[in-house]
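K.L.:
The primary structure of each chain is shown beneath.
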Amino acid sequence: MHFSKDHEWVRLDGDVATVGITQYAADALGDVVFVETPDAGKVVTKGDGFAVVESVKAASDVYAPVSGEVIEGNAALASAPETVNADPEGEGWFAKIKVSDTSTEGLMDRAAYDAFLASL
Amino acid sequence: MRYLPLTPDDRSAMLAAIGAKSIDDLFVDVPEAARRNGFVDLPRVAGELEVERALGAMAAKNVSAGSAPFFCGAGAYKHHVPATVDHVIQRSEFLTSYTPYQPEIAQGTLQYLYEFQTQVANLTGMPVANASLYDGSTAMAEGVLMATRVTRRNKAVISGGVHPHYVRATETVVHAVGVETQVLPAAVDAEADVIAQIGPDTACVVVQTPNVFGTATDVSKIAEAAHAAGALLIVVVTEAVSMGLLKSPGEMGADIFAGEGQSIGNALNYGGPYVGLFATRDKLVRQMPGRLCGETVDADGTRGFVLTLSTREQHIRRDKATSNICTNSGLCTLAFTIHMSLLGETGLRKMALLNHEKALATRDALAAIPGVEVLTPRFFNEFAVRLPKPAAEVVEALAQHRILAGVPYSRLAPAAGMDDVLLVAATEMTMDADIEILASALAKACA
Amino acid sequence: MSTMNTVGRPTTPNRVESKPATLTGGRGLLQNEHLIFEGDGWDKTGVDLPEPKTDGSDLGDLVRHDPIGLPGLSEPETMRHYVRLSQKNHAIDLAIYPLGSCTMKHNPRLNEKMARLPGFSDIHPLQPQSTVQGALELMDTLSHWLKTLTGMPAVALSPKAGAHGELCGLMAIRAAHEASGQHEQRRKVLVPTSAHGTNPATAAFVGYTVVEVAQTDDGRVDVADLASKLGDDVAAIMVTNPNTCGLFERDILEISRLTHEAGAYFYCDGANFNAIVGRVRPGDLGVDAMHINLHKTFSTPHGGGGPGAGPVVLSAALAPFAPAPWVVHDADGYRLIEREEDEAAQAFGRLCAFQGQMGMYTRALSYMMSHGSDGLCQVAEDAVLNANYLKARLSDVMSAAFPNGPCMHEALFDDEWLKGTDITTLDFAKAMIDEGFHPMTMYFPLVVHGAMLIEPTETESKQELDRFIHAMRALAEAAKAGDVDRFKGAPFHAPMKRLDETRAARTPVLRWTAPEGSNIAAE
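Residue numbers (the numbering used here), protein chains in the order written: chain A, 22 to 141; chain B, 10 to 456; chain C, 106 to 628.
Calculated directly from the structure, the hints in this document are not laboratory data. Quantities reported herein were computed from a predicted structural model and do not represent experimental measurements. Beta carbons: idealized from backbone N, C-alpha and C, even for Gly. Hints should not be assumed to be uniformly reliable.
Unchecked claim - Distance windows between CB atoms, simulated:
id: 1; chain 1: C; residue 1: Pro223; chain 2: B; residue 2: Thr311; range: 42 to 52 Å
id: 2; chain 1: B; residue 1: Asn46; chain 2: C; residue 2: Arg578; range: 47 to 57 Å
id: 3; chain 1: B; residue 1: Ala42; chain 2: C; residue 2: Lys593; range: 48 to 58 Å
id: 4; chain 1: C; residue 1: Arg578; chain 2: B; residue 2: Arg295; range: 26 to 36 Å
id: 5; chain 1: B; residue 1: Gln191; chain 2: C; residue 2: His249; range: 39 to 49 Å
As the list claims (entries may be wrong) - With the C-beta cut set under 8 Å, the calculated list includes, among others, these residues of chain C facing chain A:
id: 6; residue: Glu606
id: 7; residue: Thr607
id: 8; residue: Ala610
id: 9; residue: Arg611
What the hints assert, rightly or not - Taking lysine-lysine and the DSSO-like style, the derived pairs with C-alpha atoms no more than 27 Å apart in a straight line are:
id: 10; chain 1: A; residue 1: Lys78; chain 2: A; residue 2: Lys119
id: 11; chain 1: B; residue 1: Lys70; chain 2: C; residue 2: Lys334
id: 12; chain 1: C; residue 1: Lys593; chain 2: A; residue 2: Lys78
id: 13; chain 1: A; residue 1: Lys119; chain 2: A; residue 2: Lys67
id: 14; chain 1: A; residue 1: Lys67; chain 2: C; residue 2: Lys334
id: 15; chain 1: A; residue 1: Lys117; chain 2: B; residue 2: Lys292
id: 16; chain 1: C; residue 1: Lys252; chain 2: A; residue 2: Lys78
id: 17; chain 1: C; residue 1: Lys567; chain 2: C; residue 2: Lys593
id: 18; chain 1: C; residue 1: Lys124; chain 2: C; residue 2: Lys602
id: 19; chain 1: C; residue 1: Lys602; chain 2: C; residue 2: Lys567
id: 20; chain 1: A; residue 1: Lys63; chain 2: B; residue 2: Lys70
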């Protein structure tokens with residue numbers, strides 16, 4: 022699993038990346054009330070906004086940690102946005118993306134991300 | 010000065026507590042060059058009496074609608090508002106309270122907003138309404154922007170029957186973000202031409218019913234055509250009382266409702282403040298601009314109300330907000346709610362029929378005048394007539410005799426080539442004697 | 106024998122320790138009031154109207170027949186319903202309402218009386234101009250006051266609220282750039298990180314890209330950062346002065362000079378004008394456009410959320426682009442310019458159907474005339490004095506965000522002083538409610554952690570300020586002493602406890618719906 026500075030995570034399985042927001046981001050947001058996931062077929066570029074997550078106190082853009090084409094957005098979040106709080110790094114995934122480039126350059130591993138969090 | 014409680018002793022004590030020698034010390038950050046010491050061009054403090062005299066003199070120079078035979082409409086209507094309404098909105102807790110951001114001490118405001126949202130939804134036949142916008146014209150502009158967001162298309166087709174000032178206010182705002190508007194030519198039955206203009210790039214079709222010429226239309230077919238093309242139908246209503254008699258926009262297939270609520274609870278007020286009504290379908294609710302009040306419970310499980318879905322709004326979403334709106338129409342919204350509560354459906358229907366009755370009587374009286382042609386085939390409380398002379402001249406001539414004969418269409422759209430068209434409105438307040446005076450004066454003016 | 110009535114006379118009460126909950130949920134003067142839809146008023150009406158002589162059948166299929174879903178109440182029921190609701194609201198007329206950046210000053214009732222004169226309230230926006238010369242005179246007089254107080258040559262009256270005014274100002278700026286052929290290249294607007302959300306929202310609304318400008322450690326715009334971001338791709342800057350931290354931008358003259366040198370315009374958010382009215386003219390600071398919130402500085406009522414009014418004063422460069430309509434005064438009297446031709450040929454358009462918020466103009470002018478220029482100057486002075494007094498009397502128990510130097514009309518604190526108490530700004534605010542006060546503005550501006558922005562305004566007496574200070578100091582002490590439950594569970598004494606906002610947002614219920622199986626209308 023890899024992490025971005027904007028608190029997104031990526032799990033790569035061959036050329037399919039599952040992405041979401043980290044526990045830290047979910048905790049900062051508070052109760053998530055709504056998630057806007059991208060449609061299948063949408064082309065995303067690393068660093069661009071590709072989803073929106075709304076809580077009672079904030080609405081945040083979620084930035085793509087990888088580039089590629091969306092295979093599916095997590096439809097379950099539409100009826101159960103609280104999943105993002107309950108299991109942000111598992112069931113609360115946002116989208117599956119077919120990546121155009123499998124390199125994880127610029128992303129941190131778990132240890133590096135934890136160190137990054139400690140520095141905030 | 011009567012509104013300033015601090016005494017000179019208070020000020021000295023406070024300056025001492027702060028550790029400042031004089032008030033100027035507190036303004037130390039103001040650049041020297043920008044400091045002022047009074048204004049020669051403005052008068053000094055005045056007591057209540059003096060202010061009343063000055064403003065009373067200005068007010069006396071105006072011909073009020075209640076002091077003359079009155080037939081103006083075109084987006085603002087004179088109705089009778091029961092005394093209770095104005096009394097209640099002046100209660101301290103309503104007049105001097107703020108936006109309900111602390112819901113525990115604002116349930117008064119929140120509960121009436123919830124009632125208002127329900128009243129508007131039911132009146133318009135739509136599933137969900139917001140807590141009001143500034144007025145009908147800005148509501149229409151917001152509706153067009155919302156439709157472009159939802160459909161991801163860029164073009165609005167606007168019927169020639171929509172109020173020209175509403176069209177202009179909409180164009181002003183939507184052009185800034187690159188939305189194209191196709192405004193169809195003005196016509197009394199403009200709705201007939203709309204379907205032909207709908208295309209695959211149409212985000213929304215905007216129609217007004219009753220339209221600015223008073224024509225009431227069943228827009229269901231337009232709704233079907235819009236939906237078939239993947240576009241949204243926006244229905245605009247400038248006379249809210251009309252929905253007490255006519256089929257609701259929701260029933261006719263509207264996706265977005267944008268209207269003016271001034272007719273219920275609010276005086277003419279020379280154009281403002283008014284109440285924008287906005288409603289939409291359930292699945293579009295997150296794209297709806299403006300404040301929303303929602304039901305919830307408190308820590309004890311007691312039902313209560315809060316502003317909700319606020320993350321769409323400016324104070325959170327900032328540059329990605331659905332709109333830049335901060336205020337709603339507060340007291341005007343409350344006035345609408347109270348008046349509507351007094352009326353109820355029974356009262357509203359009766360009031361609507363009375364409006365229609367008076368308009369029919371006025372139409373009959375004017376139709377009998379040689380040279381005057383009634384243009385509107387079916388209407389609620391307003392209709393258009395063609396005069397043998399420019400309408401603006403005739404209106405001015407009648408105004409000299411203290412008769413407010415209606416609104417010349419040229420006032421709204423000087424370049425439309427309809428200088429001889431006059432818009433005439435009647436409401437439950439129109440008296441038979443007024444109609445006689447109007448008819449007789451009009452006959453003379455048109456001879 | 107005389108029969109005196111000796112029974113049932115109240116004497117000295119016995120002290121009773123227990124405090125039983127009420128049996129019905131009512132609490133003394135407060136009742137739990139249901140929704141109008143939950144009564145039985147589906148056929149009732151509180152308005153007596155004559156029987157109509159038509160049944161609408163001439164309109165055939167256009168007539169609506171199904172139940173609409175609008176209950177009616179008799180007059181006494183209506184009065185009671187809304188008076189009961191009103192009792193659940195806090196209000197300026199009850200206590201200090203210290204919301205920073207809102208300017209919750211006293212709402213004079215003379216203003217209400219003036220606005221209701223039939224000559225003002227009962228005139229139609231499209232009546233012939235010869236029949237409303239007094240209304241046009243009022244608009245012209247208000248314009249004169251606004252232009253004189255701000256030192257600006259022109260004013261657009263029609264915006265219906267502050268945010269609408271921001272829209273007006275930015276659209277005028279955009280029109281000016283379009284006229285000089287520079288719009289395509291100038292697509293950026295610079296906005297400080299401390300700005301009110303309407304600023305970036307408005308800029309985006311008008312089609313601009315928002316670029317943030319940093320803040321210095323002493324709470325002002327970082328001029329070096331601003332200078333580095335200004336260029337020929339910038340249309341405007343949007344700066345609030347005094348700023349959202351309650352501080353006067355000392356370098357304002359430099360800021361406007363740099364902006365103009367770069368060919369951009371200076372939009373000023375005038376929300377905090379109350380601090381400087383009568384003492385400083387924005388025109389002298391290089392401002393090109395500034396909206397004025399009549400419902401803040403000029404006392405028109407907040408009304409639970411509106412209506413507002415946001416006229417925009419404009420510099421000579423932007424004046425030609427002002428939206429229609431506006432008033433001119435010439436030898437023939439007062440004229441309303443509505444057509445976008447001749448003198449209004451460059452107007453950027455129209456912002457609303459009619460003239461704007463006339464009802465608020467009357468109220469504002471009544472307020473201005475009452476104060477006069479000397480009174481308004483005193484307003485700013487007392488507003489600034491009151492805020493500094495609060496800051497001085499609270500800074501030892503709370504942490505001022507910018508302790509060095511005076512503040513203007515509002516004092517900003519952060520939550521540094523609550524560290525280690527487990528109590529948040531939100532918790533503290535809710536406890537203020539129990540003490541009888543509306544909380545200050547919380548979590549704004551965003552640049553300060555756990556922000557608490559306190560604006561008393563000039564209409565608070567020293568007695569009320571001292572009462573407020575006493576409550577704040579007592580609460581601060583309680584917070585530091587570890588009295589956590591008082592804050593976490595607050596409010597305990599308000600009409601409602603804390604509400605579940607998550608639930609309201611996850612499953613929005615935005616209207617009353619008839620229960621299943623009932624034959625009442627509505628979805």
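K.L.:
Honestly, which of those hints from before does the structure not fit?
P.N.:
Numbers 2, 4, 10, 11, 16, 17, 19, 20, in rising order.
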